[in-house]
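A.B. asks: First to last, the sequence lines map onto chains A and B.
Going by the working numbering, the first residue of the first sequence is number 1, and it counts up by one from there.
Going by the working numbering, the first residue of the second sequence is number 1, and it counts up by one from there.
One or more of the hints may lead you astray.
According to the in silico footprint, chain B covers these stretches of chain A (three or more CB under 8 Å from chain B) [said to hold, decoys possible]:
no., region
1, 22-30
2, 34-44
3, 47-53
4, 173-184
5, 212-218
6, 235-248
Calculated from the structure, these hints are not laboratory results.
None of these values were measured; they are calculated from a predicted model.
A virtual CB, placed ideally from N, CA and C, is assigned to each residue, including glycine.
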Amino acid sequence: MNPPIASVHGHATERMFWTTMIILGIVFALTHILLFVYSYKYQHKEGRRAFFFPHNNKIEIIWTLIPAIVMAGLVFAGWKEWSRIMGPAPKDAVVLEVMGKQFNWLVRYPGRDQKLGVVNYRLIDATNEFGFDLSDQSGLDDFVAPEIHVPKGHPVLLRIRSRDVLHAVYMPHFRVQMYAVPGMPTKFWFTPTKTTDEMRAQTGNPKFNYELACNQICGRGHFAMKLNIVVDEPDDYVAWFSQQKSFSEQNPDILASFKQKTNKLASKAAAIPAAAVVPAANASL
Amino acid sequence: MAANLSNQAQVQGGAGVTEPGISHNEHTHHDEHHEQGFLSKYVFSTDHKTIAKQFLITGMLWAIIGGTLSSLFRLQLGWPESTFEWLQPVLGKWIEAGKLNPEFYLALVTMHGTIMVFFVLTAGLSGTFSNFLIPLQIGARDMASGFMNMLSYWFFFISSVIMFVSLFIETGPAAAGWTIYPPLSALPQAIPGSGAGMTLWLVSMALFIVSQLLGGVNYITTVINLRTQGMSMSKLPLTIWAFFLTAILGLLAFPVLFSAALLLIFDRSFGTSFFLSDIYIAGQALPNTGGSPILFQHLFWFLGHPEVYIVIMPAMGMVSEILATNSRKPIFGYRAMIGSLIGISLLSFVVWAHHMFVTGMNPFLGSVFMFLTLIIAVPSAVKTFNWLATLWRGNIRFTSAMLFSIGFVSLFIAGGLTGIVLGNAALDIQMHNTYFVVAHFHLVMGSSAFFGLFAGVYHWFPKMFGRHLDEKLGYIHFWLTFLGVYLVFLPMHYVGIAGFPRRYYAWTGFDTFSQFANLNKFISVAAILAFFAQFVFVFNFFYSIFRGRRASENPWNSTTLEWTTPVVPGHGNWPGAIPAVHRWPYDYSKPGAAEDFIPQNVPYSQTQSSNLPYEKEME
Ligand code: HEM
Ligand SMILES: [Cu+2]
Ligand SMILES: [Cu+2]
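With the hints as constraints, model all of the structure from the sequences given.
C.D. replies: Structure (structure tokens):
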């Protein structure tokens, strides 16, 4: 059945899902009972005549109105939840970016300034997979990570992009899904409720990992586009975050090439202390 | 018309009687006085009944191909770890060391979807029965333009051939899903299947759309202009209402897909950027800017969604008719049935973006589409309740056609209900592109439309070929298929709820999805068995054409006009004058009537004892 829920809005949609399924189950059972009972009971008998019953306005109105009312209820509930899920992310949300490519996911964090720097698909190459434009100052402390880390209990804003074809970020445990569209960044925010360790205990599976799957056909490796997600306790998250090295720091030659391009910006870059990056999100955790 | 009638030879009933050349329209004037040759009679025929059979048999061929493809990919999904060396001789380079090529898997899925939706259920179902029944049931000698009708089949045929050829080209057929979303489909360098295979897909679809438009214009014109005397719109059988509205849907929606395909061809070949922007692929940054792949989705689904109704509405019409005939009752709520068909048709144009809730569109737009989508449940519910009320207190005859019609109602309910989950945007976040969707649409449009198709074939086979299909084989076919469908698609809901994504070549890489190994095997076994059960039907069909029990003119004691023709109607349909129509099509078990059915062409003056005040209302 449904993968265990690990996000705040997941609990709400889960309730709505099962409520809907129960209503549908009742309708399914009732109509099928009628379908089979009638078929059985009114089988052809010699000499019997069917009942001439071409219409009846009253029951037709009734069985138009009842589904309409039930639907109105479901639409209203769905609309409220949908608007809440899709509403703007809280200001203090932890931000990260996921980029889909054939056939992998790339992850980028904004660094301590909480601002994702400019990227440009024309700058992409084998080392600069994201297309960092390091002449943008806010990108200097951005770092890329091999997997996603997010803190438990804190809103997370996922920024999503693709650099080639459509992909879709699908994280079944968090009830998160959003397309990755080249040329049109998308987003989704959610609040994880259980750390990976807690989930391992709950499922009794010591090897449990949250998984991010690609859910839009994207070619040969579509079925294998997987990324692990780690939900940490907030403290662990901060510790992890502060250990990461920025892209510019790890690729001095790329930084240097931008330096050559724009001396002015480069001097700003040089002014940024390399070590001791503290995530801004820390303040609010 | 009257001029034509005079020079018509009388056609005797019975199979095997050669038809005299009958002039019924100016275009056949030249062959008025001589026998038609084999070519003009069976190949380039302008007779709507022959064209219907051409559509039917071509559709059956495609169904076998489409089903074979699904058996192949189910094999892979059931046993992703196994090797299939024995397939090597058939699949050649698409299987390496016994492992199916993942790209080829996607091509299989794509071709299966395209074939089933367009070639089987649009051309094979709608093409067959619209062609066969419209002139016969409205009392016309043929379609408005027999020549265009013939072209419609041949465009379909050529489009078919091109799609078929694409299965054998070096780089494989299109592999971007039947929805062919760009950029995958727009960039020949993206995957092998977006090269020549995609080009052929687009060309084939363009021709297919031409075929649809030629057919559709004809159906609409015929229904509007060629109804026999007394056949007002409010006396039309529900089948004709369904075909008529379906044709209108096609006429409005297919050109949008055509334009999308055209723009896609431009993006692929002429450097435009309708659907492309900011792309780095295969080691290169492309120059395209300013387009949007999401725009394509809007265009695609503007056809794609009405398309599912194009597939299912003809089935609804035929099922309504068969349920009434075999319950020996009027269809309940004739007007509400028409009203709900119209409602569904209108609404089907304003819900397309429910396929796009998670593509990053404005959430407000999502709310609007959720609202419109869920409203469709209301006319659908009305139809369902009316079908049930038609069975109530009937005198039900379980012909094979009736069984498939009851099966249709069951599948339509089951599949329709899960649509309510998917129409809810908040829930679609989890369900989109999972097997829940696959299960849903296979029940509601795949299987139930197929059931409508089978019901129609069993029911009208005597009119097509002058013989009956074997009922025992029909029973076996029904039960195997009915059970098969539920055994395949119910478990698919289950894996879908658990998040299992569609279009996955294997699920072994993910912990989350690996827990259903056994269920996947089960689905595969059921699917392959259900597929093979269809050969019972194929055998029955071809055997009965030659050896089936001979039919009489009106074997089901039906009321509609097609049963007033000779057993096998010849060119021109009625040997003498076309009967005039006096009453609505569902006078079954009328109180006071001698028999339990009164055909539409029987005047009220002949049935005094059974004329009810109700008739006044039906005017
Ligand atoms: C024996 C019967 C059938 C079986 C077992 C079957 C199975 C499947 C499966 C498992 C998929 C999903 C593959 C994937 O997403 O990875 C699929 C896709 C599909 N099927 Fe069927 N199918 C059957 C009959 C039909 C029929 C009658 C239709 C007619 C509407 C149909 C239309 C489609 C479509 C449109 C797709 C989507 C293709 C795509 O994703 O591009 N199928 N089928
Ligand atoms: Cu992908
Ligand atoms: Cu993918």
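A.B. asks: May I ask which of the numbered hints given earlier this structure violates, with the numbers listed in increasing order?
C.D. replies: The structure breaks only hint 6.
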